[in-house]
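As they're listed, the protein sequences go chains A and B. Numbering (this note's numbering) for the first sequence: 1 to 344. Numbering (this note's numbering) for the second sequence: 1 to 344.
Among the clues, some could well be false.
As the list claims (entries may be wrong) - Here are a few chain B residues that face chain A, going by a calculated C-beta distance under 10 Å:
1. L34
2. G42
3. D285
4. L297
5. E299
6. L301
7. M302
8. W305
9. D333
Simulated from the structure, these hints should not be mistaken for laboratory data. Here the structure is a predicted model, which means the values were calculated and not measured. For every residue, glycine included, the Cβ atom is placed at its ideal position computed from N, Cα and C.
2 protein chains.
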Amino acid sequence: METLADRVLAGQRYALARTLTLIENDAPEGLATLASLFPHTGRAHLIGVTGAPGTGKSSLVNRLAHYYRHPPEGQPRRVAIVAVDPSSPFTGGAILGDRIRMRDLSGDPGVFIRSMASRGALGGLARTTANVVQALDAAGFDIIFIETVGAGQAEVDIARLAHTTLVVEAPGLGDDVQAIKAGILEIADILVVNKADRPGADATVRALTEMLKMAHPTQETIMHHGRRMVINAGQKTQKKEEHPSWVPPVLKTVAVDNRGIHELAQAIARHRAYLEETGEWHVRDRVRLQSELENMLGEALMQHWRAHTAAEHYQSVLEEVFSRRLAPTEAVDRLLAQSLPPAA
Amino acid sequence: METLADRVLAGQRYALARTLTLIENDAPEGLATLASLFPHTGRAHLIGVTGAPGTGKSSLVNRLAHYYRHPPEGQPRRVAIVAVDPSSPFTGGAILGDRIRMRDLSGDPGVFIRSMASRGALGGLARTTANVVQALDAAGFDIIFIETVGAGQAEVDIARLAHTTLVVEAPGLGDDVQAIKAGILEIADILVVNKADRPGADATVRALTEMLKMAHPTQETIMHHGRRMVINAGQKTQKKEEHPSWVPPVLKTVAVDNRGIHELAQAIARHRAYLEETGEWHVRDRVRLQSELENMLGEALMQHWRAHTAAEHYQSVLEEVFSRRLAPTEAVDRLLAQSLPPAA
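When you get a sec, could you build the whole thing from the sequences and use the hints?
Next up, the structure:
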């Protein structure tokens, strides 16, 4: 009998949509389908797009998607867009942007769009996004955009999923010391000043270029950036002296007028070539998989602990914490003492 | 002999600063001191302040801090400010804003300021912030501001620490459909339109008021908001029919000119009275403590698992995942099979 995974691999849109819904709901059938799809992953180019609200990220992604569907040369690429909105934990805030987007790209069978909003699950959005991206990868999409709203830790975590991360800015946001953060620059592979027809675009480009110099002053710092990718792995990225380091370019676009999109696509292609030549593509893939695995492991450990701890015992410990008789650290020790096997 | 905790409780600033550093570094001495301080917590009013970059949150917090130090009536309150910057995972981005802030409030022994930047630890910033806030609470600060940059999931998680959450907007950011998100409105107890001398302030107030109506259309929805606070607890907030629900007010301020600060402080006082009268103060306290405890529990479980798993075994499973022969879900099953006690 044909399984859901078979139908996803055969390119059936409805089967894919259903799989994504099952994944989002953490349904066992969704996770089983994902396990069957997993051997077929690892081919897509994952492109993260992040930046503050108002920078026009969605328009930019739409134009890039359109570009890859109708490239000036070569075959059209299949494109998926995952729009992640961590600031909508309780309502479907991503849906509004989605509807606007649908007008541009709907009806093209080579485009698949999915909006995701956190449902309040702590840390859950990054994992669900990773799973959705895996399913789209297995379904044969060549390019998968992972677009996030905002630029906080959640966005950084989600950007780690990507091979190539675009950080989008816009003129006029830069007049506040907090508007452009060094931290978010450090995850950028390509910087985009969108809405570049607005006053102050060149000043924003200059400010970003200056901040990039501060963020990446030397080869050493760039290698530090590379090392950051494998912090979880406890590994070290080998210095590859034979390859020049990637210096993030700063590009101007006016997405609504389709200006600068071709140049941006070229920069993305250069970054992909860089990743492949240096072996960084492989490194990022491994870091991503390990990080996903460890998130799942943490959740599984917590579930197992819950299943083996009496609810009354937990509640009584909680009450002691609530009344300030027991510190949380002490509570953890007491809760784990009964449910863990003795140290070897 | 006098311990570090004793000296913190005696109001010694240097001991407090040292304790916070130990906590931030996850040093055993810091966690032990925190355990000693814990019985003295639970008195401070925790005020979360969040909003997009450029809204002037820091100035607003400075003015409020100054107000509480020099109130028009009553005793001065001791004020602590914890500035959290989740978008600076790798560099000390918070330091710049901190320096500006110091000019206004430095030299006042009744004010304590601490900047915190994530150091790339997934989920670690919320826990460390919670610990820092506990130490400040025990040290006798009456009001603790927890100010976050940005408005993503990390900020929402940090805002959950607070009794009262201010969401700050500014005119001119609202021309983008993504600029004001329904999700972030749902965590707001008080909405502030800062920089209200700029064009479009009234339009922003109207837009926020409209969005609030959408976010809180009925009593039912507001109770849903209340329920969200105890999702982790698996408890239900009892409907308290005798108390009217809190409807978040929308206030205009011009922090740099000190305008609207008195009215904002009055709204904060009303919210505190509301929390105490309805018992919500107590509920939020419990939800916060339980959430902190469960974060620590998850980390402890992961540490324990690591300590009882052979590194070679883990590495061989990882390699199978990297080569796509084993799906992450299957890898989790295999990794846990050896290290967990059999199910009861």
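Tested hints:
1. Because the closest C-beta pair between B:L34 and chain A is about 7 Å apart, less than 10 Å, the hint holds.
2. The closest approach between the C-beta of B:G42 and any C-beta of chain A is roughly 6 Å, which is under the 10 Å cut-off, so the hint is satisfied.
3. Here the hint on B:D285 is kept, as its CB sits about 7 Å from the closest CB of chain A, short of 10 Å.
4. Proximity of B:L297 to chain A holds as hinted, the smallest CB-CB distance being about 5 Å (cut-off 10 Å).
5. The closest approach between the C-beta of B:E299 and any C-beta of chain A is roughly 8 Å, which is under the 10 Å cut-off, so the hint is satisfied.
6. At about 4 Å, the closest approach between the beta carbon of B:L301 and any beta carbon in chain A falls short of 10 Å, and the interface hint on this residue holds.
7. About 5 Å separates the beta-carbon of B:M302 from the nearest beta-carbon of chain A, less than 10 Å, and the hint is met.
8. Nearest Cβ of chain A to the Cβ of B:W305: about 6 Å, under the 10 Å cut. The hint holds.
9. For B:D333, the shortest C-beta to C-beta distance to chain A is roughly 8 Å, which falls under 10 Å, so the interface hint holds.
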